[in-house]
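Take the sequences, apply the hints, and build the full model.
Residues per chain are reported as follows:
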Amino acid sequence: MNGHAQYIAFRAILVKEVLRFTRIWIQTILPPMITTALYFVIFGRLIGSQVGDVDGFGYMAYIVPGLILMTVITNSYANVVSSFYSSKFQHNIEEMLVAPVPNYLILLGFIGGGLARGLAVGLAVTIVALFFTPIPLHSLWVAVSVLILTSILFSLAGLINGIYAKSFDDISVIPTFVLTPLTYLGGVFYSVSMLPPIWQSISLANPILYMVNAFRYGLLGVSDVGLGVAYLAILGFIAGLFGFALYLLNRGYGIRS
Amino acid sequence: MTPALSLHNLTKVYKNGITALHGIDLEVAPGDFFALLGPNGAGKSTTIGIVSSLVNKSGGTVRVFGHDIDTELAAAKACIGLVPQEFNFNIFEPVVEILVNQAGYYGIPRRVAFERAERYLHQLGLWDRRHDQAQMLSGGMKRRLMIARALVHEPRLLILDEPTAGVDIEIRHSMWSFLAEINATGTTIILTTHYLEEAERLCRNIAIIDNGRIVENTTMRQLLNRMNSHTLVLDLAQPLATLPDLPGFAACRIDDTTLEVEISRDANINALFTMLSRHGIEVSSLRNKTNRLEELFIRLVGNKATPGILPAAALAHPCASEDTA
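In the order they appear, the protein sequences are chains Y and E.
Residues 86 to 342 (the working numbering) are what the first sequence spells out, left to right.
Residues -6 to 318 (the working numbering) are what the second sequence spells out, left to right.
No wet-lab data here; the hints were simulated from the structure.
All C-beta atoms, glycine included, are put in the ideal place defined by N, C-alpha and C.
EDC-like, lysine to aspartate or glutamate: derived pairs with alpha carbons at most 20 Å apart: (1) Y/Lys173 <-> E/Glu90; (2) Y/Lys173 <-> E/Glu86; (3) E/Lys282 <-> E/Asp248; (4) Y/Lys251 <-> E/Glu79; (5) E/Lys135 <-> E/Asp161; (6) Y/Lys173 <-> Y/Asp255; (7) E/Lys135 <-> E/Glu155; (8) E/Lys282 <-> E/Asp228; (9) E/Lys282 <-> E/Glu255; (10) Y/Lys173 <-> Y/Asp254; (11) Y/Lys173 <-> E/Glu79; (12) E/Lys282 <-> E/Glu190.
Label-pair distances were calculated between CB atoms; the ranges are: (13) Y/Leu317 <-> E/Glu65: 35 to 45 Å; (14) Y/Gly337 <-> E/Ser257: 46 to 56 Å; (15) Y/Thr120 <-> E/His15: 51 to 61 Å; (16) E/Ser51 <-> Y/Leu317: 36 to 46 Å; (17) E/Asp125 <-> Y/Gly337: 26 to 36 Å; (18) E/Glu65 <-> Y/Tyr269: 42 to 52 Å; (19) Y/Asp255 <-> E/Asn33: 22 to 32 Å; (20) Y/Ser342 <-> E/Met129: 23 to 33 Å; (21) Y/Asp255 <-> E/His15: 28 to 38 Å; (22) Y/Ala122 <-> E/Asn33: 49 to 59 Å; (23) Y/Met279 <-> E/Ser51: 50 to 60 Å; (24) Y/Pro221 <-> E/Pro102: 36 to 46 Å; (25) Y/Phe174 <-> E/Pro102: 27 to 37 Å; (26) Y/Gly337 <-> E/Ala158: 20 to 30 Å.
Pulled a few chain E residues facing chain Y out of the computed Cβ check, cut under 7 Å: (27) Ser45; (28) Ala67; (29) Lys70; (30) Ala71; (31) Asn81; (32) Phe82; (33) Asn94; (34) Gln95; (35) Gly97; (36) Tyr98; (37) Gly100.
Right, dumping it as structure tokens:
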């Protein structure tokens, strides 16, 4: 395939992926908006008023970056893992496998779908958040780049989960038992400086902590970790997961007999 | 002339240790309408899976119009259109989207893809259902949708894995006409089917695979010429108590009004009817007991043909019971 044909193939996968989640927007876009509104009402307004300021910001404003990023993470992951596994389950992944589309384009197409849903839901949640609190913007570039990179990273993770999954149970195990705990313990609702020293050290092993704090820096200008370290961690994970996902696709793991 | 498909020493051993293909060799000429037949589990779908890159081969070479799938996979894939045995489209996608997306995977611009989708959906009688989700289609429509999808990038080699399974007779006949037209335009077609009448009617060349080995590879005409005899079923106008002597014919009485007569290739059927008339036996209708290819198929693959796919009567010798002449 020449460059133009590859662009057409990539766009076809991307359009297919975007149409998939927009067709079922009641399952994909609406629930995070409602969940986030509940977080703001309960944690932000009712409990947050008792908490006081964190790092110089009201509690509601402090948790906004974490909530947006948490939504982006879960939706990017969920989009790709469910789409890829459904494609395997219904065998329509074969539509791509029999075509001359290179594996890296299949990978990029699914990542594009995860990114599109992550950003769409992130935007929707941001709009909901604005009903509760003004959101400062310290650095647009940092905020947007962290959002995009994080979405890409978890789209890749979702794809790998989808490749390995052999049942619908398998696509819920990682989000339930790994992703959600890491997200909640990744400083969405608190600053790690509030933890005892031992837990601060343990928290530093949680990659989501770096993403949440880097995004928080983009909006609020405060972070528990260095920005450079955060970018390095995110980019490192992306490179590693991209290489691994491509390796699995090239080997045909889970998709070819 | 470069073969449309060339398999050399193709081997497949699955992870569970089962050897599905024992080094098969096969060539399909460009423009051919080729039948690949065999009982269930013989290796047909594995062969098709390897050719279309859905199954990794264990050994051997596959060339599609000269493109080796080991070194020119993309070029080989571009030549192939696949209609798999199982429905494998996203049931929630609208019909036209399935075709346009598929064209996109081959690098075909959306405008061209829509034009082709319209053409093939019209030809296959699905245009009115183009905006319906695929799950809303009937079984026959889903089969036709898969054919349209396989054609949307206009492949040189169309591989059909049991394309008419579960399709009613009328639609099956219209699909045969459509496939014959596609073949007449130069598209090479490889067909697997359990409807042997379908293979006999459409295909010029044939390979029979059994236990992962090619047990027959010849022209349809040559294969059918090997039939030394075939069996006619005669329905009688009046009940017949005992079967008279019919010299030169092996006949048996199935019931009061049914006879089965084995006719050798050199026999004169007129002589049979003359003898029957002489005995006052009036024949109201006659038919072949089984399709000729079915009889050969049974002989070639022994008793492994799947029960239910072939008429049970085909498995028995016509004169296995009852009195014989």
